[in-house]
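Reassemble the complex: the two chains are provided individually, in unrelated frames, and hints are given to aid placement.
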Amino acid sequence: MNMIPLALEGAWKVLAAGLVLGAGLPIIYAFAVRGLAMAQGAGAIIGEKTAKPFGKVIWWGLLLVILLAVSYGIAFIVATGVGKAVTFDHIIPWFVDKPKK
Amino acid sequence: MATPCGQPHHERVTTATIILALVVVVALAFDFTNGFHDTGNAMAASIATGALSPKGAVTLAAILNLVGGLLSVEVALTVSNAVVNIQDSKGLPKPELMANGGTMLLLIVFGGLIGGIIWNLATWLLGLPSSSSHALLGGLVGGTIGALGFAGVKWAGDGTKLDGVIGKVLLPSLLSPVIAMIIAAVATRVIFMVTARIEDKFREKRFRWGQVGAASMVSLAHGTNDAQKTMGVITLALVAGGSISSTAVYVPFWVKLSAASAIALGTYLGGWRIIHTMGKGLVDISSPQGLAADGSSATVILASSQLGFALSTTHVATGSIMGSGIGRKGATVRWSVAGRMVAAWAITFPAAAVVGAIMYWIAAGLGGLVGPLVVFAILCGFSWYMWKRSRHNVIDHSNVTDDWHDGTKPEVAVAAHDIIDPHHELDEAQPARPTAH
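Heads up: the sequence lines are chains L and F, in that order. Heads up: the first sequence at position 21 corresponds to 22 in the numbering used here, and the numbers run straight through without jumps. Heads up: the second sequence at position 327 corresponds to 362 in the numbering used here, and the numbers run straight through without jumps.
Just chain F, same shape as in the assembly (with noise of 0.2 angstroms):
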């Protein structure tokens, strides 16, 4: 790795200070990538049943979000302990890594969140809603294999609790979708014997209402418990370049307000191609079945961090959707499209990993401050490209509600389509469909 140490101090103070800034607006942007990945975990049940106008939702969910965020008073700082060790049990970069004002860390840390923020937009443009969490995690994995080897990397903890890759990760991602699903298709079972004798019209109404109140809790939640993640890496990252006292480790205000702000103008931007996939894509939903899957959504997350289970907003809640979907007689469930999703989750961790992992060697082979800048300037080029692609099919708030791609509706999302659930069959014109894949 190239050091700086041949630098007269100043310099090297300065290449530091450089990196750490880069770190927090890369921190900030894989917030903002978090908030729009995920809008569609609380709000894709809503926007499909027409609860709330797609902007209305959005606009509803980033509040909460904000607020959610802005709730975060006491912030986890050790959200990296789960999977690696870079920091001890009180936060605490691990003194080793802090060699040349912190870089080594601020590297791995750098590398990790753009392994994250590559997934995240990858998996939007697809339409697929993945988890951000596993996405952070698994960038934080790959910087931090490419730092330290293997061996950095917390596997499965000392087995007396739920720790490591196996037991934050994997095992919660196998467990929590299923148990969404469960208890979604339970409480959507009862609710349409409930209400057997009930107008479709009546029901459909009265229900609505419910739903926009279950989905108004997971935002909130989704809110205390995302923007905090960013919240400690920043924090983490801030004590490496010395920013904040090793001896009194703080979260400052600008940081809960600019995390809990980016994460808000993410969810505010809508994703509106995971929300099409999740909304529409799954199960044609009618508004019980929206209030059955936001309800399960919303326990399963808050039960979860009472008991200290860690798992995944996107999988509890593609799970729940999912469960009322099986929970309604003679609903068509899209299994096909469930299975891409599915597939999805399980690249996301390791192909985070990759990405963090090779960003960390390209950043710290090259450098000084010029490494940083490559792998920023990458970051900015494929970001730039993955927009120009979603151009091809764009899918807003005027066209999310469209019904899933049956090859007779009007293009949404062909490409996404396409790839997510291949089987389909397609209109002969298409002319906005990308060139390449």
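Next comes chain L alone, as it looks inside the complex (with noise of 0.2 angstroms):
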């Protein structure tokens, strides 16, 4: 039974992607939503009474990394279905027709 260890393979490589992407995003999400509660101060950080504009350049900022992020991640299901594989051969991921079986 050789399948196991591939399995934990392909399990490790999902893992990891999972946690850069998955739950890297919302943990940038979650650092956007803290600039836009500096930016408004009362009543949104406890205890907080004066707001920091600040904030504002650091939810726009913050938003645009997930949004190109998730916008790949678009391209990428397109890609999908329309026959391409995603390669990181050139560091910046590109789209090339899928390997033939």
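Please note that the accuracy of each hint is not assured.
Stated by the list, open to error - Listed next, the in silico DSS-like pairs over lysine-lysine satisfying Cα-Cα at most 30 angstroms (straight line): (1) L:K14 <-> F:K196; (2) F:K90 <-> F:K423; (3) L:K50 <-> F:K240.
Since the hints were derived computationally from the structure, they do not count as laboratory data.
Right, dumping it as structure tokens:
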């Protein structure tokens, strides 16, 4: 039964990708929300009275990062649907024809 | 097996054509159940936290499933190859199954699909999220066992890659919920640390936006993955029935359109019973947890399809929701509900296989056109019965977000709760409860 190591190898990769993107993006979003809360101040942060407008910059900046990552995700779904695969050969992810089996 | 060998040629053709038509109808019906069975995977968390209204959520999910389904330009024609030996590597049916206008192959697929539908309906009635892919593959394995015996089943492939029942069904179903759970738990824990000083109301509201985005990704990915399976099965049937040349297999546009539409319609119908269990039964979910859960589901599903790791959307989504409960300090995780759910996962594959095999035997045993028609009638009768039973305790968009039954709340899904979570205290008066279990 040499399939268990194979499965664990696949699982490990999925876990790693999931932790970076699946946990990473929501956590970035949490920082973004914290920025937005700073910008509002009273009523958003416990015990905070003053608003720090700089928070808006954090909010929009991080949101942009997330949107870029998400559009990559959508591009990935679309690419897979039309028979493309994603390659990381050139560091920047790019789409190529799916290798024929 | 009764075969129409003695019949004149044109009669044989007609019989095979009618069986083919039945297979296509049943395949679309399966796709439809696949839709409503899995609405909760993408939308349960958003509905539970109020990020989307129940109707809004199913509408969004339906549209994204339709888009996802239609995006599947290059369809996997070899869906059955993971678990059974009825196709070759190009998606062509095995020649030995092509006798009598492909009747044997058609009946295998027919029995398999019906096994999948019946299991999907039974688990829906009980409000249990179980894997539609496992139901389909289990059904196909059952149909194949019925026709070819155990030798027709690919249990472990050749051992060089993840293949067969063990590699494509068993191992992923053990691993994927745990992976999703870990990711969602980590995300939830860190999110609550980062936002510890933020007022609850502010946090809840802002996180709903993110949650809707993540849920949409899950829906889109679901449409591309699951509608494809039906497209592959219908195409296999068309090749077997001789409607598509066996030298140049392609997926006709009407197959894509009808499969994408069937899954979208099913999604729009909303599997409210399952959404209720996933959204309210496992953990009491807040919107940061919802984002963590949906973010985890979306990436695990996408990363897996990139890495060729087969898994079930349902297992991933359920694992994620559990993880979002584990990751939050002081959150209630209803392990008893989870336990019953896992039990349902474990029996999905064999149960669908048993039904698939029985349906094949009935269809092939009676033979001709009578066999498939009898099986089709059984399916219709069974579906009607399930639907009738579901009317005893209706869960729909109006009460799907009611709290999980704890003995004081209005009766929602008492029967379903009773089966998947029998240790709950139940109200004394339960007029809505069905008489028989």
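Holds or violated: are the alpha carbons of K14 (chain L) and K196 (chain F) at most 30 angstroms from each other? Between K14 (chain L) and K196 (chain F) the Cα gap is close to 15 angstroms, so the pair holds against 30 angstroms.
Does K50 (chain L) pair with K240 (chain F) here, judged by a C-alpha cut-off of 30 angstroms? holds, 20 angstroms
For the pair supplied as a hint, K90 (chain F) and K423 (chain F), is the alpha-carbon distance within the 30 angstroms limit? holds, 23 angstroms
Comparing the model with each earlier hint shows no violations; every hint is respected.
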